[in-house]
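Colleague: One letter stands for each residue in the lines below.
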Amino acid sequence: MFCFQCEQTSRADGVAGCHSAKGVCGKDETTADLQDVLIYQLKGLGQYSARLHKLGQPDWAADSFIMYGLFTTLTNVNFNRAVFMELIAEAARIRDRLRDAYEAASVKAGKVPEQLSGPARFEPSDTLPGLLAQANVASVRAGAEVVGEDVVGLRALVLYGLKGVAAYAHHAEVLGQAKDEIYAGIAHALDFLATDPVDINALLEEALALGHLNYAVMETLDAANTGNFGTPAPTSVRTTPVAGKAILVSGHDLRDLHNILEATKDKGINVYTHGEMLPAHGYPKLHAYPHLAGNYGGAWQNQQAEFAAFPGPIVMTSNCLIEPQASYRNRIFTAGPVGWPGIRHIKNDDYAQVVQAALAMPGFAETAPEKTILVGFARDTVLSVAGTVVDAVKSGAIKHFFLIGGCDGAAPGRNYYTDFADHAPKDTMVLTLGCGKYRFNTHDFGTIGGLPRLLDIGQCNDTYSAIQIALALANAFECGVNDLPLSLVVSWFEQKAAAVLLTLLALGVRNVRLGPSLPAFLTPTLLNVLVEKFGVLPITTADADIAASLNRQAA
Amino acid sequence: MVVTLVTRDAARLEFPCASGQDVMAAAEAAGLYPPSMCHEGSCGLCQARVVDGAYEMGPHSAAALPAGPGGVLLCRCLPQGDLTVELPCTDAQVGRHKIPVREAVIEAMGPAGAGAVALTLRLKPHAELGLAADFIPGQYMELTIPGTEICRAYSLANLPNWDGRLDFIIRLVPGGAFSTWLSERAAVGDALNVRGPLGHFVLDEASPRPRCLVGGGCGMAPILSMLRHMADFQDSTPVHLIYGANREDELLSEEIETLRAALPQLEVTLSVWHPGPGWGGFAGTAAQALETYLADAADTPDIYVCGPPKMLDAVTAAARARGVPEAQIFAERVQS
Numbered sequence: 001m002f003c004f005q006c007e008q009t010s011r012a013d014g015v016a017g018c019h020s021a022k023g024v025c026g027k028d029e030t031t032a033d034l035q036d037v038l039i040y041q042l043k044g045l046g047q048y049s050a051r052l053h054k055l056g057q058p059d060w061a062a063d064s065f066i067m068y069g070l071f072t073t074l075t076n077v078n079f080n081r082a083v084f085m086e087l088i089a090e091a092a093r094i095r096d097r098l099r100d101a102y103e104a105a106s107v108k109a110g111k112v113p114e115q116l117s118g119p120a121r122f123e124p125s126d127t128l129p130g131l132l133a134q135a136n137v138a139s140v141r142a143g144a145e146v147v148g149e150d151v152v153g154l155r156a157l158v159l160y161g162l163k164g165v166a167a168y169a170h171h172a173e174v175l176g177q178a179k180d181e182i183y184a185g186i187a188h189a190l191d192f193l194a195t196d197p198v199d200i201n202a203l204l205e206e207a208l209a210l211g212h213l214n215y216a217v218m219e220t221l222d223a224a225n226t227g228n229f230g231t232p233a234p235t236s237v238r239t240t241p242v243a244g245k246a247i248l249v250s251g252h253d254l255r256d257l258h259n260i261l262e263a264t265k266d267k268g269i270n271v272y273t274h275g276e277m278l279p280a281h282g283y284p285k286l287h288a289y290p291h292l293a294g295n296y297g298g299a300w301q302n303q304q305a306e307f308a309a310f311p312g313p314i315v316m317t318s319n320c321l322i323e324p325q326a327s328y329r330n331r332i333f334t335a336g337p338v339g340w341p342g343i344r345h346i347k348n349d350d351y352a353q354v355v356q357a358a359l360a361m362p363g364f365a366e367t368a369p370e371k372t373i374l375v376g377f378a379r380d381t382v383l384s385v386a387g388t389v390v391d392a393v394k395s396g397a398i399k400h401f402f403l404i405g406g407c408d409g410a411a412p413g414r415n416y417y418t419d420f421a422d423h424a425p426k427d428t429m430v431l432t433l434g435c436g437k438y439r440f441n442t443h444d445f446g447t448i449g450g451l452p453r454l455l456d457i458g459q460c461n462d463t464y465s466a467i468q469i470a471l472a473l474a475n476a477f478e479c480g481v482n483d484l485p486l487s488l489v490v491s492w493f494e495q496k497a498a499a500v501l502l503t504l505l506a507l508g509v510r511n512v513r514l515g516p517s518l519p520a521f522l523t524p525t526l527l528n529v530l531v532e533k534f535g536v537l538p539i540t541t542a543d544a545d546i547a548a549s550l551n552r553q554a555a
Numbered sequence: 001m002v003v004t005l006v007t008r009d010a011a012r013l014e015f016p017c018a019s020g021q022d023v024m025a026a027a028e029a030a031g032l033y034p035p036s037m038c039h040e041g042s043c044g045l046c047q048a049r050v051v052d053g054a055y056e057m058g059p060h061s062a063a064a065l066p067a068g069p070g071g072v073l074l075c076r077c078l079p080q081g082d083l084t085v086e087l088p089c090t091d092a093q094v095g096r097h098k099i100p101v102r103e104a105v106i107e108a109m110g111p112a113g114a115g116a117v118a119l120t121l122r123l124k125p126h127a128e129l130g131l132a133a134d135f136i137p138g139q140y141m142e143l144t145i146p147g148t149e150i151c152r153a154y155s156l157a158n159l160p161n162w163d164g165r166l167d168f169i170i171r172l173v174p175g176g177a178f179s180t181w182l183s184e185r186a187a188v189g190d191a192l193n194v195r196g197p198l199g200h201f202v203l204d205e206a207s208p209r210p211r212c213l214v215g216g217g218c219g220m221a222p223i224l225s226m227l228r229h230m231a232d233f234q235d236s237t238p239v240h241l242i243y244g245a246n247r248e249d250e251l252l253s254e255e256i257e258t259l260r261a262a263l264p265q266l267e268v269t270l271s272v273w274h275p276g277p278g279w280g281g282f283a284g285t286a287a288q289a290l291e292t293y294l295a296d297a298a299d300t301p302d303i304y305v306c307g308p309p310k311m312l313d314a315v316t317a318a319a320r321a322r323g324v325p326e327a328q329i330f331a332e333r334v335q336s
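Chains as they are written, first to last, in the numbering used here: chain A, 1 to 555; chain B, 1 to 336.
Since the hints were derived computationally from the structure, they do not count as laboratory data.
Because the structure is a prediction, the values reported are computed rather than measured.
Please note that a few of the clues may not be correct.
Every beta carbon over 12 Å from chain A, so not counted as near; a handful from chain B, in silico [stated by the list, open to error]:
1) Ala25
2) Glu149
3) Ile150
4) Gly176
5) Glu184
6) Ala261
7) Pro277
8) Arg322
So the derived label-pair ranges between C-beta atoms look like this [what the hints assert, rightly or not]:
9) His200/B - Glu86/A: 26 to 32 Å
10) Pro290/A - His200/B: 43 to 49 Å
11) Gly71/B - Lys533/A: 31 to 37 Å
12) Asp52/B - His443/A: 27 to 33 Å
13) Pro234/A - Gly71/B: 51 to 57 Å
14) Ser20/A - Thr258/B: 39 to 45 Å
15) His443/A - Thr258/B: 54 to 60 Å
16) Gly71/B - Asp350/A: 46 to 52 Å
17) His423/A - Thr4/B: 32 to 38 Å
18) Pro234/A - Arg96/B: 36 to 42 Å
19) Ala326/A - Lys124/B: 20 to 26 Å
20) Arg320/B - Gly176/A: 56 to 62 Å
Here a beta-carbon is modelled for each residue, glycine too, at the ideal position from N, C-alpha and C.
Assemble the whole structure, with the sequences as input and the hints as a guide.
Modeller: Dropping the structure here:
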């Protein structure tokens, strides 16, 4: 086993990467190796799919499978080896179908079909021991002794960015927004990786191309979310429970939440959001459900204590699952790409068992005193008051904007983000998105220029909204985004964040402060490139970095 | 050595810690569960600060360690003497392992093969747990004879559910306190106290190996629960059941047929120790049947065995003799 894709990868005694019987996230070595095999196969599918797209004969069902397969390998998504055995068998069948389709399409176009090598030819063993014996070829470090650590690191950056792209694209797809250019872009990246690229410049170019692709994907997901659930509006969300039966919904998938709200209508059950589901309250069509009662708990890393204390069943959608504890094993359900062995998985959007569990459990005995936070400050809301914002900047009421957001996690160093938000001067505005917000979103930020001083833009994919806001401000001030009094302080944990980072770099956004630690797969050489070419900065202390951000503006 | 954890809201939690044991393991052994995740010094969730006492830190990621003097990760903190440690979390965030005691009502009693009773209880609604019958297949409950302090442990035969239902298979022991109460005085509608779930005899869901389940008499209850769980989840892990009995009429043949239908890959060896004439199945003990199965098995399975002490010893010996490692043998002892 070898994996170094997440922010909390083992660095015990300075050696980076999880390479023992179990990863820090909880996935065991067998599951990790099977994930590597699946990814290897998906590269093979990409080889054929990219060519089919070029011939104008794409296989969208196969492309959809590719996206889903990549999603299952993100951090904290699927820990169930039985699921990977099935996906590996299915991938082999799909590869055969794509190969036949490619050969037929080539002939039809009057071309000689290429004889593809590498992942495209991979035949997986049909036994588990056999697959594990094959896994070496699929390791993220395969070929390291020949190509060197920088190439390995860049290939990893491309792969992990691609995982984030696929995950966001899957969320859009299930909401009815699939685009041929997105499927083609993913296939292209996989085809590229299948060539075992060694050229540093080509690899960097591909990483940035993925950044651009992710921008299109986030735009599509924004359209999917707003198209289905309305334009987000400022909404007050209860963060303390009300009396009554209860279901908790965590993860990232708004479609699943909507299905749960429908399944629990008029049943006397309240639905609470958790983690990255908090922004759901800002969407008018979701907020319209009177039994969407509030938000419970904080970010993903606290789920074990929070789920244990919650007096009802939990549905974990799409991602961000960690090992279920005995006390709630029988009342947590997974939906979508996420899964854990022995934990019940929702099929065909059938939430009957969740409803049964909610009715059988006592729920909250009392309504707690009301505490609320504000959500829903996506691009339309903020841009609707663009005039006010611009005036406040011109008058000096707002001196600077800090975007402090991204993933949360458990590392002690993440209190940097609490300190940053708390110590940011009162004449600065704080924008946030992703579950990093939980480091400070219940604090009182007051108002500035007549507006709330803390604006919660939404989920991590709502970086799209943040970028639109920045572009509109740049337009209003007739300058570039990098000349705005705006500092990005990005916390990362997994691969959706990697994709977002690539988007920021691809768009030319400079001086991003990245933390709490830097990716283990970026060698010192690669980190230098990020620093020199893109101005990426590691974090130091909140006060020093606040001062440096304000000084840069002053300069 | 004594470790004292002080929570953010000033609760003091004291427990012993052995030499070479980390603070998290010692806390969990004492039934306390501070926030934790990776248990290997990398995620940072168990961050804390030692304010008094000497310690050593095992291997960990520097990024996961809190900065400043005394910064530790509980899962890698090895006390060298008595230790006082400040936790960033509140007392409420430290999990406690509570085993609930609940009231249940007898819903049904009936024969379960010769010499055994199938007992169905229905839990009364509980303030925190509602109507949940919460357990992991393979676990047991302690049932207390009403009006007494006498309790006996019986494994659950059914699946966790939301209807409060608990199914047991009670082997009638002549002269036994619970058996006597059950056969002579218990009636549908009677209430009794149930404590649980208890026990660690549960399936290793993450194991890649095939399974061999060995049970007999009332030892069949947890085995039935495990098999029903596999059927419920459509778990395709290869599984072989060795079902032992003294005489044919003890076998719960209907239950086995239902399971075979629900779990396509299930293979069954019925082994009867003292068969009557006309018995076509395996004649001998469960241990002997296991011997025969292991002789032909391609992969060493995980073995789950439940039964009286002599049967456990014989089965374990047979398994070890055939090279099944200790770590792959899961045993649960029942009274004979």
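Colleague: None of the hints should be skipped; say for each whether it holds.
Modeller: Hints and how they fare:
no.	hint	in the structure
1	Ala25	16 Å, holds
2	Glu149	28 Å, holds
3	Ile150	28 Å, holds
4	Gly176	31 Å, holds
5	Glu184	34 Å, holds
6	Ala261	21 Å, holds
7	Pro277	44 Å, holds
8	Arg322	19 Å, holds
9	His200/B - Glu86/A: 26 to 32 Å	30 Å, holds
10	Pro290/A - His200/B: 43 to 49 Å	44 Å, holds
11	Gly71/B - Lys533/A: 31 to 37 Å	35 Å, holds
12	Asp52/B - His443/A: 27 to 33 Å	32 Å, holds
13	Pro234/A - Gly71/B: 51 to 57 Å	40 Å, violated
14	Ser20/A - Thr258/B: 39 to 45 Å	42 Å, holds
15	His443/A - Thr258/B: 54 to 60 Å	58 Å, holds
16	Gly71/B - Asp350/A: 46 to 52 Å	48 Å, holds
17	His423/A - Thr4/B: 32 to 38 Å	33 Å, holds
18	Pro234/A - Arg96/B: 36 to 42 Å	40 Å, holds
19	Ala326/A - Lys124/B: 20 to 26 Å	23 Å, holds
20	Arg320/B - Gly176/A: 56 to 62 Å	58 Å, holds
The structure shown violates just one earlier hint, number 13.
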